[in-house]
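**Q** FYI, the numbering for the sequence shown is -3 to 84, going by our numbering.
Since the hints were derived computationally from the structure, they do not count as laboratory data.
Heads up, the beta-carbon is just placed ideally off N, CA and C, and yes, glycines get one too.
Some hints could be false.
Said to hold, decoys possible - Cross-link-like lysine-lysine pairs, in silico, PhoX-like; alpha carbons within 20 Å at most:
| hint | residue 1 | residue 2 |
| --- | --- | --- |
| 1 | K45 | K34 |
| 2 | K45 | K29 |
| 3 | K57 | K29 |
| 4 | K45 | K57 |
| 5 | K57 | K34 |
As the list claims (entries may be wrong) - FRET-style restraints, in silico, Cβ to Cβ:
| hint | residue 1 | residue 2 | range |
| --- | --- | --- | --- |
| 6 | E75 | S20 | 29 to 35 Å |
| 7 | Y44 | T17 | 26 to 32 Å |
| 8 | S50 | S20 | 26 to 32 Å |
| 9 | P22 | D51 | 17 to 23 Å |
| 10 | D16 | A55 | 28 to 34 Å |
| 11 | E54 | Q31 | 18 to 24 Å |
| 12 | K34 | E62 | 15 to 21 Å |
| 13 | K34 | L61 | 25 to 31 Å |
| 14 | L18 | E75 | 30 to 36 Å |
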Amino acid sequence: MRQQTSQQETEWEFAEIWVDTLISPPYILMLVKEQSGKFCIHNPAQNYKIIFTSDNYEAAKMWLLEDEYERLNNRILQEFGDEKSRLG
-3 MRQQTSQQET EWEFAEIWVD TLISPPYILM LVKEQSGKFC IHNPAQNYKI IFTSDNYEAA
57 KMWLLEDEYE RLNNRILQEF GDEKSRLG
């Protein structure tokens, strides 16, 4: 088990996985709410580079929907202590 975690790993509240199913293989992006309140879209294929930032969830969601991305089932919440939660 790692003793230290980087700030980037701990300064987020939730993450959502969004996928473009119109291409093969499907293309995946992550929508992350930072603890600062910003909503960032990360591209895992580019070393999690931030490709879009917004002050509100709705704008980030619309950016993804405009390109026909679909959200996968669950929102992943930051772990606090021994608890790990998921929302639908």
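**Q** When the hints from earlier in the document are held up against this structure, which numbers fail?
**A** Failing hints, ascending: 7, 9, 10 and 13.
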